[in-house]
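Enquirer: Spelled out from the first residue to the last, the chains are:
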Amino acid sequence: MTTTREVRLCVPILARVEGEGALDLVVQDGRIETLRLRIFEPPRMFEKFLEGREYSELPDLVARICGICPVAYQMSAVQAIEGLFGIDPGPWVRAMRRVFYCGEWIQSHALHIHWLAAPDFLGYESAVGMAQAHAGVLQRGLALQGLGNAIIKLLGARSVHPVGARAGGFYAAPPAEEVAALRARLVAALPDAEALIAWAASLPLPASDQDFISVSLRHPLDYPMNEGRIVASHGLDIPVSEYETHFAERQVAYSTALFADLHGRPYLVGPLARMNLNADRLHPPVRAALARTGIVFPSRNMFHSVVARAAEIHQALLEAIGLLAGYRRPAETAAAAVPRSGTGFGATEAPRGLLWHRYEFDDEGCVRRARIVPPTSQNQGRMEEDLRGALEALGLDKEEEALRRRAEMVIRNYDPCISCATHFLRVRVARP
Amino acid sequence: MDTRLRVAVHKFSSCDGCQLAFLNSGADLLRLMPRVEFVHFAEAGFIAPDAPVDVAFVEGSISTPQDVERIERVRANSRYLVAIGACATAGGLQALRNDADAAAWMAAVYPRPAEIGALPVSSAIASHVPVDEEVWGCPVNEWQLLHVLQARIFGVRPAIENDKVCLECKRRQAVCVLVAQGAPCMGPVTHTGCGALCPRVRRACYACYGPAENPNAQALAARFAQLGLAPAAIARRFLSINNAAPVFHEAGIVWRERHDDHA
Amino acid sequence: MRGDAMTEPQLLHEAVVIERIQESPVIFTLRLSFTDPELQAGYRFEPGQFNMVGLYGVGQSPISIVSDPQDERLLDHTIRGLGRVTLGLSRLAAGDRVGLRGPYGRGWPLAQAQGRDIVLITGGLGCAPAVSVIRYVLRRRERFGYLTILQGVKHADDLIWRRQYAQWSAFPDVHVGLAADVGAPGWFGVVGPVTALFDQAPIRAGSLVMMCGPEIMMRVVAAELVRRGIDENDMWLSMERNMHCATGLCGHCQIGPHFVCRDGPVFRYPELKALLGERGF
Amino acid sequence: MAATGFLLRSHLQDLLDALVAVGYRCVGPQVRDGAVCYDTLREAADLPWGWRDAQNPGTYRLRQTGGAYAFAWANGPQGLKPLLFAPRELLQTSIRAPDGGLRFAAPVASVGAMAVVGVRACDLAALRLLDQHFIGGFVPDPHYAARRADLFLIAVHCSHPAATCFCVSTGDGPRAEQGFDLALGETEAGFVVFAGSAAGAGLAERLPLRPAQAAEEAFVDAALADAVKAQTRSLPSRDLRAGLFGNLRHPRWEAVASRCLSCGNCTAVCPTCFCHGEGEEVAADGASSARYRQWDSCFTQEHSAIHGMVIRADTRQRYRQWLTHKLGSWHGQYGRSGCVGCGRCITWCPVGIDITEEAAAVCAGTP
Ligand SMILES: Cc1cc2nc3c(=O)[nH]c(=O)nc-3n(C[C@H](O)[C@H](O)[C@H](O)COP(=O)(O)OP(=O)(O)OC[C@H]3O[C@@H](n4cnc5c(N)ncnc54)[C@H](O)[C@@H]3O)c2cc1C
Ligand code: SF4
Ligand code: SF4
Ligand code: SF4
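Chains as they are written, first to last, in the numbering used here: chain A, 1 to 432; chain B, 1001 to 1263; chain C, 2001 to 2281; chain D, 3001 to 3367.
What the hints contain is simulated information worked out from the structure, not anything from laboratory work. Think of the CB as a built atom: it goes at the ideal place given N, C-alpha and C, for glycine as much as any other residue. Among these hints, one or two may not hold up.
Pair by pair, the computed Cβ-Cβ distance ranges are [stated by the list, open to error]:
| # | chain 1 | residue 1 | chain 2 | residue 2 | range |
| --- | --- | --- | --- | --- | --- |
| 1 | D | G3136 | C | G2095 | 51 to 59 angstroms |
| 2 | A | E332 | C | G2081 | 55 to 63 angstroms |
| 3 | D | E3043 | A | G326 | 20 to 28 angstroms |
| 4 | D | G3246 | C | P2172 | 48 to 56 angstroms |
| 5 | A | Q139 | C | V2026 | 45 to 53 angstroms |
| 6 | D | H3307 | C | G2229 | 49 to 57 angstroms |
| 7 | B | D1260 | D | S3258 | 22 to 30 angstroms |
Incomplete in silico selection of chain D near chain C, CB under 8 angstroms [unchecked claim]:
| # | residue |
| --- | --- |
| 8 | R3032 |
| 9 | R3096 |
| 10 | D3141 |
| 11 | F3219 |
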């Protein structure tokens, strides 16, 4: 007797760059027959309508690709512009950009850990449901999220689609009093960040041992964020401009998002990949806090992503505190830009991982062609691979509900530009 | 009896930045919870897309045949429908494709464009179903959304100011970037609500909050020309985040044609 | 109240809804009383003056006081539920609280009207400020001459308070005339503008005229009355303008040099003649 | 007015210190974001030394000349208005008890004594008008009154009017004639000091003044005479009621409306415009609500909206309201025109509409 058990996990609203998604899972004879992470949000075709726009508009336009990590889009774009135009924005701008980016990491990671991931591990449907039993944890998370937003606002005026950044630097510099006041709040939040690492490590994270390739930026001195070379755990080490020679995107029939491969293989980007490749660049207090958890990076447990996120919040706080020490308002907040034709490349570490941009400009500084490879697209293949392994490890004979829960948890663990949407997974079982 | 306001948050084609305002309002959101019940809000973990609600917030533009059906269901299930953000009120930045050859664009992005189902235009919610309130902005902010929620809790329409950015710019004592720098600021035709963020960081407003009431787009465009902006650059000022808002669209097309005439 | 108003001119005081009366599908009356008995006892006003009624969390609206000044217990406000505040107010029930401040403005010239005929001309969806005059006069019948009440509406169906009009017309020395621009089956009044009622109405020289309604109507009526020998100085108009502070500060209610909240809402016709009907003022 | 003495440039800080010593917070002009703005002033060195402005309809530019003067510029974007009539102000809080009971409080922010340095004659005239509006009416405004009560004004005779200025024509400048505590006439070496009130004379006594020389006073007079001559703009008359209200259908209203953005910048920078709107903000838990007021303008829709209609729906009507009120109805309300000739509405109009030009066009031919 053959039983066809079709489990269809439907995700009608996956809020992310590439948009809505669903998971098709067909289990037959105890084997995964089909496993497809489908992304079907109508394409917004950003790459096309960037054509003809002037370089100065790019930071504002690309921000609109993603409301969760607009800073990352802005920073990759300005890097591409400045690289081509030969602009050196100088140390003040470099420092403030890192601060700006720290804000985004803190807000995005805090949001993911508390609103999206925690309910999974603690057995709730939503963070609001946790509000009573875990009031302290939630308050702490919201406070950190708020701090991240405050950092972005300091330099960008608002946290979603901030308006402060431009090619060459920033439109304005915040007053020293404001900076000092915010820095004091950051210092005061350090114990919370340390506690968060311990708390994340204490969550009942499922065991998992997988072999995967980690890809991230790497910088000679810093934990990677705004600049560096692209490296991979199996030995790749290339400048940003060579991304396309090693990584390829392909279209699959069931998704509007393109899948990216490294030398034909899926790979991981994001906090765990960064941590696996750059743990040696962490600030000592973060390393110490991690050491106390007993979790060692590089790690082969995908669920250690949540610990990596907590560690990156701590790292970003320390980083911002350091960079804002002795802050002085500069005479100039941006270097002048003189357009040049040619191709510019930019890659930064968005909260969810490597975000790669390439633009061709004409003499007037208008975009002729654009290509943007967001992190979620790069993680898609890895997610399918992980799902396959995770569900098999769980046991395909398990109840649909258990399969669904585990599948959601796995997908959400990648924070695929709002893994929240995977709360939406619905199981439809068809029996012939 | 549960007297809480039943609320849904729906997403269509968008960047997610508008609904994020709920999650970014942090402790204030929790303080509202005794009076508000999120029935459907995927990002926060509440799933019931077809449940009846008092207020539905709709983010994103309509851009597929499925969207058209889904927004009808949302409308049928909600007593008060609020379109939030530039995508939902004007079709969003992605409405730039409305004036372009969408098929050619698809072909340029996707190797096999036929497999991607999309309408040729990206359009506002109000062009498909009646909308009770539009909250403009790209993105809308926490304050705006909480205000709408509060008003609905009190059973009244929200009080949405519709002045221009300029007035708020002056209230905040920012120095006018148009007058003092000659920057092509869109503030004089743009809907208030952001807090005049751009002029306050010494840059020209780029109209992310859409057209204000009684805007004189042509007079402002003429002023930009005096400031030395080329027709194509003027056209781009209008054909940006809210390109499909009729006033902006019209002004943008006029200046784009002027550019084409020169070219 | 006055002394208080000098130091904290905009401070609301708590009042309680004693009774709520539905007058028509959209019109209702809130009978209010300050919860502070001293405040209630000391409160004085004149017909035609108004209060600012504050709905908690929503806002404030200027609303005329329609109760009788001698009634020391209750302050009646008859309200059309239209927008944010007034629709919100329409949901209140007995026992609910509101904020109240006032009275503000210049009321009807009832002192000057003593001993004279009064002609009351109203237009549109029921005119609350005029009701206060009717009640005032009917309770002090001996002090005033003939009372003529002329009401015009756009469409016959717009007429509310049919019963009240019938009751009022039953009083001695009262004339009620009703006109609708567009009639309807069963319409018992005149079809035409409110001026069509003038021939049947006892509008005698020396009458004091009080008007409330759309400005175009008031302008036409005033011109017609001048033709019929009424002195311009004997015509009084109640005006409506956007109003926020009611204390002459916010600037919204200006008509030329006049602040409606302070100099009005009741004006002598010559004060407004030049701008009445001039669109944009 | 006889000079009280002369303050050397190097002693200007003593003036600020003396003010602080008697309990004032000093506010003075400083260069910020490309304009001369009033801000808290701690050091005399932070004044706009050497800065000159160039103002024209719709443009304002500053340049550093390296010159020795601190006040050789005409007014920046704002006068005293925002310091007294705050752009946004909390008026009242309502607290709702669980049983539905309401309690109201109308706090008046305590602001402390403030001294403003560098005030021009036009702004002093504007202040007198604001005083009439906010404290001379039948219900004085406690917020304005609180700030006004402890205000110490140090005027500067205006020696460098902008091309947009026309205070001579309105009779309000350039010499500060009244309404100040101290007035300064700037020279190379320092300032001729005039006391305009007992408080001003009292403060002068705390300063290291020496007697002013006749040549110094003459220099100040000559600079003022030059300032008068430098003004090229003017209004047709100080009372334009007949000209404006007699021409309500003039085609010029339509013409100006085609250029006007209806953005309200003119009203926001005008030192005498007082319109404001009120709104309510409920706390997240719903237990309290704040009523605040903020600057509004006759150029907004809300300004004239009554339910179901907007009295001034189009720009022609809004611009006409502004001009007929400012230059016309003010006479009925406050006994004079509402314009003090500061020229701000001309400079800070994004499209450079010129009130003097519009008034002249509408009133042309009316005596
Ligand atoms: C002196 C005076 C006396 C009045 N007396 C009565 C009365 O007895 N009964 C009655 O039903 N109505 C009366 N009105 C009209 C009443 O004030 C408005 O209908 C009411 O303010 C509309 O407010 P809303 O919030 O419901 O409407 P919305 O349309 O939501 O208006 C929003 C805001 O605009 C302002 N506004 C709108 N319409 C008016 C208006 N007509 N007058 C002043 N401000 C307005 C108010 O600040 C209001 O809160 C009077 C108006 C005035 C000026
Ligand atoms: S900077 Fe822009 S928004 Fe501000 S007043 Fe000037 S034109 Fe208006
Ligand atoms: S673009 Fe305009 S509307 Fe948008 S944030 Fe900037 S100032 Fe505000
Ligand atoms: S109307 Fe213009 S010139 Fe006159 S006082 Fe106001 S801003 Fe100054």
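Enquirer: Determine for every hint whether it applies to the structure shown.
Expert: Comparing the hints with the structure gives:
no.	hint	result
1	D/G3136 - C/G2095: 51 to 59 angstroms	42 angstroms, violated
2	A/E332 - C/G2081: 55 to 63 angstroms	58 angstroms, holds
3	D/E3043 - A/G326: 20 to 28 angstroms	22 angstroms, holds
4	D/G3246 - C/P2172: 48 to 56 angstroms	49 angstroms, holds
5	A/Q139 - C/V2026: 45 to 53 angstroms	46 angstroms, holds
6	D/H3307 - C/G2229: 49 to 57 angstroms	36 angstroms, violated
7	B/D1260 - D/S3258: 22 to 30 angstroms	25 angstroms, holds
8	R3032	29 angstroms, violated
9	R3096	6 angstroms, holds
10	D3141	6 angstroms, holds
11	F3219	43 angstroms, violated
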